[in-house]
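As a plain string of letters, each chain reads:
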Amino acid sequence: MQSFFQTLVSGLSFGAVYSLIALGFSLVYRTMGLVNFAHGAVLMTGAYLASTFYLSARLPFAVAVPAAVLATGVVGLLIERVLRPLESKDVDLMLIGTIGAGTVLEAVAILIWTSSGRGVPSPVRAAPLDVGGVRIPVYNLVVIAVAAVTMVLLTLFLQRTKRGAAMQAVAMDPEAATAVGIHVGRSNAVAFAIGAGLAALAGSLASPMLFVSPTMGDSLGIQGFAAAILGGFGSIPGAIVGGLGIGVIGSFAAQWFQGYSDLVTFVVFTVLVMVRPTGVFGEKTVNRA
Amino acid sequence: MNRLFAARRPLGLAALAIVAWVLPYRLNVYWISVADTALLFALLAVGLGLVMGIAGQVNLAQVAFFGVGAYGVGILTTAHGFGFWLAALLAMVAAVCAGLVVGLPALRVQSHYLGIVTLGLAVAFLDWVTNAPVTGGDSGLSGIPTPPLFGVGLSSQYLYYYLELIVLAAGLAFGYFVVRTSLGRRLRAMRDDALAAGAAGAEIRVLRMIAFVLASVYGGAAGVLYAGLIHYIAPETFSIADMFLLLAMVIIGGRQSLWGCVVGAIGLTVAQQELINLAAYAQLGYGMLVVAVVVFAPTGLAGVPSRVRRWRLRRRSGISAAALGSFSGVPSSGRTGAVLEVSGLVMRFRGVIALDRVSLRAEPGEILGIVGPNGSGKTTLFNVISGLYRPSGGRVDLDGRVISGSRPWRISHHGVARTFQHLRLFGNLTVLDNVRMAMDRTRSWWSWRYVFWPVGVWRHERELSRQAGAVLDAFGLAAFAGALPHSLPYGIQRRVEIARAMASAPRLLLLDEPAAGLNGDEQRQLAEIVRAIRASGVTVVLIEHNMGLVMSLCDRVVVLDSGAVIASGVPASVAAQPAVLEAYLGTTTLPSEAS
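Chains as they are written, first to last, in numbering that gives the first Met the number 0: chain A, 0 to 288; chain B, 0 to 594.
Just so you know, these hints were derived from the structure itself, not from any lab.
Some clues are possibly wrong.
What the hints assert, rightly or not - Quick list of in silico lysine to aspartate or glutamate cross-link-like pairs, DMTMM-like style, CA-CA up to 20 Å:
1. A:88 to B:472
2. A:161 to A:174
3. A:88 to A:172
4. A:88 to A:174
5. A:88 to B:241
6. A:161 to A:172
Stated by the list, open to error - Reference listing, derived: stretches of chain B covered by chain A, where coverage requires no fewer than 3 residues with Cβ under 8 Å from a Cβ of chain A:
7. 101-109
8. 239-247
9. 293-306
These numbers come from a predicted model, not from an experiment.
Glycine residues also receive a C-beta, built at the ideal position from the N, C-alpha and C atoms.
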């Protein structure tokens, strides 16, 4: 039982990171209809920026992360400008184009930071908490808390602010939104920047738990995308549930199947998608002829 | 101009073959190994092109098929002492099984969902080979033997080049054989519009599996050859980065053209070798190239010549509607019309009732009109009859046989053809191919002939072309046989869609607003065509808003409102009924009159 909870805790903290990644995917997809396979590479960029601010510029972690989020948001604006012609194209082209953009980001990261990667020491040095024999690293709690606060803020932004409501409107019907005077292009750019910021947050939060390298986004991006689909692509609560789901599945797979955790995770994911393609909160679509 | 190309093509191929054959004499040891790698990537890329470019199925697990082929040979030869070719055969079987497994999700999901699932399965495969003892884990497998051929060991990279060249040539030839004939036409139709392809008789699920099996055969063969060439395999060769590199090859070269895939693979392999010390810059370069190609030239390098040609053609003359011939009667199909009997049909979409106990009947040699306000369920009715929707209740019979609930392709094979309210022609197929695709009445299992009896495929193809030519002639469309649908004026596209529907020799024809967007002249021609179809014995049901046309054309009319039949009978009597007037114009008694 103790080891069960131990595994669960570790699954939930990775799950919180996956939720943030999935949130970025879903926000960009629902607002602009863009399936962004470069999301993992954006995340990697954010992680590198945060670790550079933290390790090289010697900023405190709590300052380095928001700075990285902002900087990556700006990078996001840049990428959105390049990818804009893809937004109206068919999904397959989008998928391929964003994979290309991700490849470019990865190459740039290798040119700036070399391909060797770097470890980031945990910013929280307190001893792990002991709850009934289950050891919970304090940093994991910080990650979960930051992710939760971010999700609440994002929901409030979407529901309570004018800009957020405009983005919701664009998501539902871009043409009608234009007709009532919403600037769709600007709304898309903001959505992409927020998505990139979320990715950067996820990447920098994950970096003390993992290892920062140019390819770190590959695996995290795939897991986050899987989480978004599992929850229901484009749905905000779906992203949270899907992220925690993938985190917990992965954690138990690692516990029970050792090295084969990716194998088990993705086989389970494939079966789940086949059973319920629309995910937990997904809309059911009907063929129209 | 096309004929000129056709005459030049064998010459070009012969020249290419000679260049490929003498190339090794000009290459040093280093470059021959690059050439060997390039040919393997070309084989992989052709497989990826078939599944993604031809069949439209996103497959990010091609590198896993490559891995299954390579590891299959590696494990069987080193751990079990199998001979190379027996191991190769079994490895190919394993690769095909992998293709079936990876293709399975395609039955349920498409596009980006399929992308992430196949990518996930590729990661799963990578995870397995990195951890399993049988694959040697991280350190991989070494000591894989050289394949012997007619008593000669192919240890020389020069000799191996020829082995690869022959396999690639055979693979390309077979690939083109598939693409240009019945099976490939169906795959391409499915890529352009899976819904319309299903309604025209294509077994979408089987075709998707065939596409993945094709990809896995090419991937597996490349893997087998790789194992025999390098004698050593390790997980990093089958990484996700290599999958994206392979994808870049196919996209840059042109995913819809097998030659494009080959050119992309060879070009990128050579470029990568040239830039081996600047790997990051090479990656930067191909990444930007992929983005640029997707944005500016989605059909890749291979698509450039045809884009230029089409652009020049449009500037010079353009396709003129004047080339439209006159309609000269429906070619007889030898099939008689069928009785359509719809009884108590109910269709519910999550609480919304789209069809409410609809019953109607259409006889052979009759034109039944279905009218009603927008949203009254007319198209939903067609979608149920043609099998796109499974009804929530009630049934549809064709000549006394229940067809409701069957898959669209099966209903098409029972003799039901349809057109769509918003044109659904296969956009990247020529007019001739649109017609040939619907005319092809073979089932998917017929495709075994591709492997065991190619002559049968050729004969079938000749027969299809002959009959399709007759249909185009009859509909006056012969001048547009080689044109892509969207390059034609709208009215002609409408006629192509009717010709496509009639090509399947249906017994029941469903026309969904065939007159929408047609001018007066075109409407008269349409009426003439529909009457000729009735005269040939086919049962016709048509949805139409143009009341003049309905009144003059239809033998009987059924009026739908809010999913229910509110009137039926001969046109004149139906038009006079108060309930019909109310449905169309609102309440019949104005409040002022009532008081």
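Okay, the hints, checked on the actual structure:
no. : hint           : verdict
1   : A:88 to B:472  : violated (36 Å)
2   : A:161 to A:174 : holds (18 Å)
3   : A:88 to A:172  : holds (17 Å)
4   : A:88 to A:174  : holds (16 Å)
5   : A:88 to B:241  : violated (26 Å)
6   : A:161 to A:172 : holds (16 Å)
7   : 101-109        : holds (count 5)
8   : 239-247        : holds (count 5)
9   : 293-306        : holds (count 3)
When each numbered hint is compared with the structure, violations occur for hints 1 and 5.
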